[in-house]
Amino acid sequence: MKKSIFLGTLAVAGLAAGLASAQTLADVQARGSLKCGSNEGLAGFAFPDANGNMQGFDVALCRAIAAATLGDAQAVEFVPLTSQTRFTALAAGEVDVLVRNSTWTFTRDNDLGLDFVGVNYYDGQGFMVRKDLGVSSARELDGATVCIQTGTTTELNLADFFRVNAISYEPVPVATNAEGQQQYLAGACDVYTTDISGLAATRATFENAGDHVILPEVVSKEPLGPVVRHGDNAWGDIVRWTLFALLAAEEHEITSANVREIASAATDNPEINRMLGTEGELGQKLGLSSDWIVNVISSVGNYGEIFEAYIGENTPVGLARGLNAQWTNGGLMYAMPFN
Amino acid sequence: MADMTGTPRDTFRLSQLLYDARYRSMTIQVIAAMLLMLSLAWLVDNTVQNLAALGKDFSFRFLWTTAGYDINQQIIPFSSQDTHARAALVGILNTLLVAFMGCILATVIGVLAGVLRLSKNFVVAGIMTFYVEAMRNTPLLIWILIVFAVMTEATPQPRDFREGGGASMILWDSVAISNRGVFVPKPLWGEGSGLVVAVFLLSIAAIFILRRVARKRQEQTGEQLPVFRLSLALFFIPALLAFFVMGQPITLEMPELGGFNFVGGIQIRNSLIALWLALSLYTSAFIAEIVRSGILAVSRGQTEAAFALGMQPNRTMQLVILPQALRVIIPPLISQFLNLTKNSSLALAVGYMDVRSTLGGITINQTGREIEGILLLGTFYLIVSLIISSAMNYYNSSVKLKER
Amino acid sequence: MSNQSTVAFVRREILPPAPPPPGQAGVVKWMRENLFSSVTNTLLTILSIYLIWSVLSAIMPWTLNGIWAAGSLSECREIRDARGLESAACWAVINERWLQLLFGFYPTDDRLLSSLFYADQLAAAGGLEAVFGAGSNATDRIAFVNAMKAELSNLTIFFFGYWRPLVAVLLLVVAVAPILYASLPRGMLLFSLAYPFIGVFLFWGGSVWGPVMVALGIVASLYIGRFVAAGYGMLGGGLAAVAAFIIIFLNPLPFIDHGGLFPLLPHVKGLAASVIPLGLPAIPSDQFGGFMLAIIIGTSGIVLSLPIGILLALGRQSNMPFIRWVCVTFIEVIRGVPLIVWLFVASTLLKYFLPPGSSFDALLRVIILVTLFASAYIAEVVRGGLAALPKGQYEAADSLGLDYWKSMQLIVLPQALKISIPGIVNTFIGLFKDTTLVVFVGLRDPLGLTNAIRATSEWNGIYWELYIFVALLFFTFCFFMSRYSMYLERKLQTDRR
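Just so you know, the protein sequences line up as chains D, C and L, in that order.
Position 273 of the first sequence, counted from 1, bears residue number 273 in the working numbering, the numbering being contiguous throughout.
Position in the second sequence (from 1) plus 339 gives the number in the working numbering.
Position in the third sequence (from 1) plus 743 gives the number in the working numbering.
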């Protein structure tokens, strides 16, 4: 990087490090930091604090991957990507992993040369309206003006929903969530539609959040998850199992507070022992240290902790676990066994 | 050019290609052409390889597949079941619409501001200077965002037009200014309205003929006809007569409050208005400077000479200064129009569905056809700008001073 | 004598000038002549004053009642309600985030900050190397830095934490001054030539030997070119310089399956860096942001596009039809398509055109496309300058027997470029304003940062204050540049008279 900045300018002819496909882990470790494609700003999921440090639900997954691979959750460079540039940037190798509330779809998984490796948030597209409109179902929205973010899957879902239900609407495209919020609050649109998590995050910041309701209809499945380049399966495994480690830790009630203590000696649960490296050598099979999960959990916490810290019910975003609860609690979050 | 005598024609040496002025430029051009070809081939080859690596191909078939998204601002009908090509066309028309409206408004404001900036009135000139400097020295994107935010925040929302909402429609309940746009009455063309329109068009043609006749007459006899009053009468009376004779075929559909929004009438959306205003205000500042310097470029002696001939100040402006100033003003003015058209691609910021947002935005995003999409987009803008600049070249050559 | 007595009165001293009648002097006269000379003028004056009053009365209370100390928008609203104000700006967001708007996420020099202002705690934490050294834990480091920054004022951080971009911008002003003001000593131009390397070193950091070696490499190729030109003419010299450049910087030999010493530069650089390791911490370009980004993109775009633009302008005037055709096509294509489309080319298409596997970071791609974009506009400006030269200058150069490059270099370009400077400055202002468009390709320009700031729960829903701050930043910069360009235009007019 250091020298190619300079030479790169001069060498349009393409003097730059070749990207062999199967060595992302080696690259990350050689660089000493993880390049994580992130949102430019989405409340609860990725946002900068006053010192410029990124925070958020998606950001925490990036930090978890950094903790797993480098043992240091802060060794992450966040590359802001727009919804239009995110996949090209990943495919071009500008980032190692993309955690930017991206929906897992067939086309994206197969056409774009990318691999979705898991789901860190099960979302769905919903609608938010003012309470005093007296609307209780999206089917009553005939003739409504709908604010919608361009460049996402929501446009297609919206058009389909209204066409299938044979009701008319007027789309008002907006470029960013902030703009959509402004338009909606000013009354320039009756309805704001995006992923329900986004709606909740947006509503949370209103002066009078109670004046707005999110309608019960969920018009699409939006499984959001981390994405890696197709072809580097070893790296995909690392990201996938980091995510599973976060989930399994919550299942086994391993938290950032007690992980060191649990890892200090073997317990009577063999899966916990394998995860925390007190038994077997799972970490080495991924090319990581044996205490990789200890690093992950001690620095970012388990899935439940992350959820509660950034988007849970006690935060301004105020999301319920819902589909994102553990499978033991009726949710969809299900870590594959660490055997 | 040097001494050519005695140069035998048959002894051509290879070194002449480089050292002989007759051949050298040819050599250089051939080498340049070869280098250009090579580098183009290199680019194309890279592209082919990269596309193959990603498993993509190069094809415009995506244009004929279903778009799947809706567009709010449409000059021709469009639904989500139409093709991407039609979506692109809708976008092109929207671009041309805002560019056209922008050019007109920018010229009007710009000329006004440019002339007022020359005013002796210290307050007026000061305001105009402030306006021009503020507009010119701040990025257009910020202006678009600011105007859009003003439009959304400062105008009432449709629900305020209900009983007790505090907002009301203007012009006898025919026009509603809301933060979703301006709603104006929509003409409904009944039976016989064609005749009214035809009469109206004919009377406009008659006005032009009248002006020509009047000018000829003045040149021959020195007599002046009351052209302005006659034109005004021609403009209104025949069309109104036809309108009432045919039994008022054209009616207006008034916008009314419906369930969520106004229904009926024509909605001029906020995104269009904001983009239009911001583009016009920004460009008008540049036009004001062009107009000002154009007027200043006409030498003072011209005015004095006209006064010496006994001309009135307004006739002087009309017959002496403006024709000369226009020669200076028009070429940069047209390139400002070109800039405005290109800048309309910032529509993205306010969600106006121009060609950048439809073809270059949603379509590319959904089909993953970046190369094809951006190629088409670039071609469109290129064609528009070539048309505008050839119009400028035509004008330039027609007003060029014939010097000898 | 007797005559004298018949005269009743002779004034012996000059009368003091009488004051003009009321209404013909001072403020009243001035107002009558300028503001109320006719009915229309009076109307205009009244209308303008009303306009000023209504705008100011709408904006001023909001601005002046602004709240400067608050931690979040809701706190601002509480303070506003507590003071019983109807509307008040929440300037607190600027107060808290202005460093971010200026520099984006560009890292501060935490070593310097902590050793200057936080020495006790640094010592307690185990000294500089324990906190910031190679083996240190980033999590602890960030906790340490956050605690330190919470104590330091933003101004301290501005001056000491961001000294690298600050020094770089100051030196930029020094480097540009001799170009803009002809009265400064010509020796300063040498510094202007060296500045690009100094600037890159300060902004990006890394080993000092990188920029030094590149500069040496360029100088070497130029000297080789000049040496060859002495024997084989300008064209041969140019080709030799390009060939030397390629051998020094690129590695052309792998194309023909031959390794070896090439490229020279990294080898020499590695050697120098191992002997004398000098440098600043390297900062990758995706951490660049804010107003600094606009300055970097704008300046490097213009500087890099100048040579290309001049060549294009010369090509457009060339009497070789093919060259002319290529230049015209290039200029028209670039100018015909909006910058935003070119930026999308940079962010999505450029990687298709380059050999598989090569990659640039986003900032570099944007700079490349912005350079190409600006060069077309510069070409038109320079063409204007070339066209403005009297034909006699060209003919005089020809009659002296100068060849094409010599006549351009010695006679035509010096004059033409001088005329073109105002146009170049105007192009720069335009380009500088257009850098805001990079927000659409995901770079963190000031407008993009306003979005990021709004994404935090504290500042969600704040617009005007941020927009106004960004607008004022750009306005100040562009306004003074445009004043300068006007001054220059006037000066050139008098010069040529």
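No lab work stands behind these hints: they were computed from the structure.
These figures come from a predicted structure and were not determined experimentally.
Possibly wrong hints are sitting among the right ones.
Claimed, not checked - Across the chosen pairs, the derived CB separations fall in these ranges:
#, chain 1, residue 1, chain 2, residue 2, range
1, L, Y966, C, V447, 57 to 63 Å
2, C, L648, L, P1050, 51 to 57 Å
3, C, G561, L, A1131, 41 to 47 Å
4, L, L799, C, L648, 54 to 60 Å
5, C, S398, L, P1050, 37 to 43 Å
6, L, T783, D, A166, 56 to 62 Å
7, L, V770, C, R568, 39 to 45 Å
8, C, V447, L, R1233, 27 to 33 Å
9, C, K555, L, V770, 36 to 42 Å
10, L, P1050, C, Q388, 26 to 32 Å
11, C, Q388, L, A1025, 38 to 44 Å
12, L, R929, C, S398, 46 to 52 Å
Where a beta carbon is used, it is the ideal one built from N, C-alpha and C, also for glycine.
Open item on the list: Quick check on a hinted range of 37 to 43 Å for C:S398 and L:P1050, using CB atoms only.
Closed with: Since the Cβ atoms of C:S398 and L:P1050 sit about 39 Å apart, the hinted range of 37 to 43 Å holds.
- [ ] State, for the Cβ atoms of L:T783 and D:A166, whether the hinted interval 56 to 62 Å holds or is violated.
- [x] Because 59 Å falls inside the window, the suggested range holds.
Task: Range hint 39 to 45 Å (beta carbons of L:V770 and C:R568) holds or violated - done: Once the Cβ atoms are compared, 44 Å apart, the range 39 to 45 Å for C:R568 and L:V770 holds.
TODO: Starting from the range 54 to 60 Å, see whether the pair L:L799 and C:L648 falls in it by beta-carbon distance.
DONE: 47 Å, violated
TODO: Using the beta carbons of C:V447 and L:R1233, state whether their distance is inside 27 to 33 Å or not.
DONE: For C:V447 and L:R1233 the Cβ distance comes to about 30 Å; the hint holds.
Open item on the list: Tell me if the beta carbons of L:Y966 and C:V447 are separated by a distance inside 57 to 63 Å.
Closed with: 59 Å, holds
- [ ] With 51 to 57 Å as the target window, see if C:L648 and L:P1050 comply at their CB atoms.
- [x] 53 Å, holds
Task: Range agreement (Cβ of C:Q388 with Cβ of L:P1050, hint 26 to 32 Å) - done: 31 Å, holds
Task: Range agreement (Cβ of C:S398 with Cβ of L:R929, hint 46 to 52 Å) - done: Violated, since L:R929 and C:S398 (Cβ atoms, about 59 Å apart) do not stay within the stated range.
Open item on the list: Just to be sure I understand the hint, the distance between the Cβ atoms of C:G561 and L:A1131 should be within 41 to 47 Å; is that true here?
Closed with: The hint (41 to 47 Å, Cβ to Cβ) holds, given that C:G561 and L:A1131 are roughly 45 Å apart.
Open item on the list: Holds or violated: the 36 to 42 Å window for the beta-carbon distance between C:K555 and L:V770?
Closed with: 53 Å, violated
- [ ] Using the beta carbons of C:Q388 and L:A1025, state whether their distance is inside 38 to 44 Å or not.
- [x] 32 Å, violated
In summary, the structure is inconsistent with hints 4, 9, 11 and 12 from the numbered list given earlier, while agreeing with the others.
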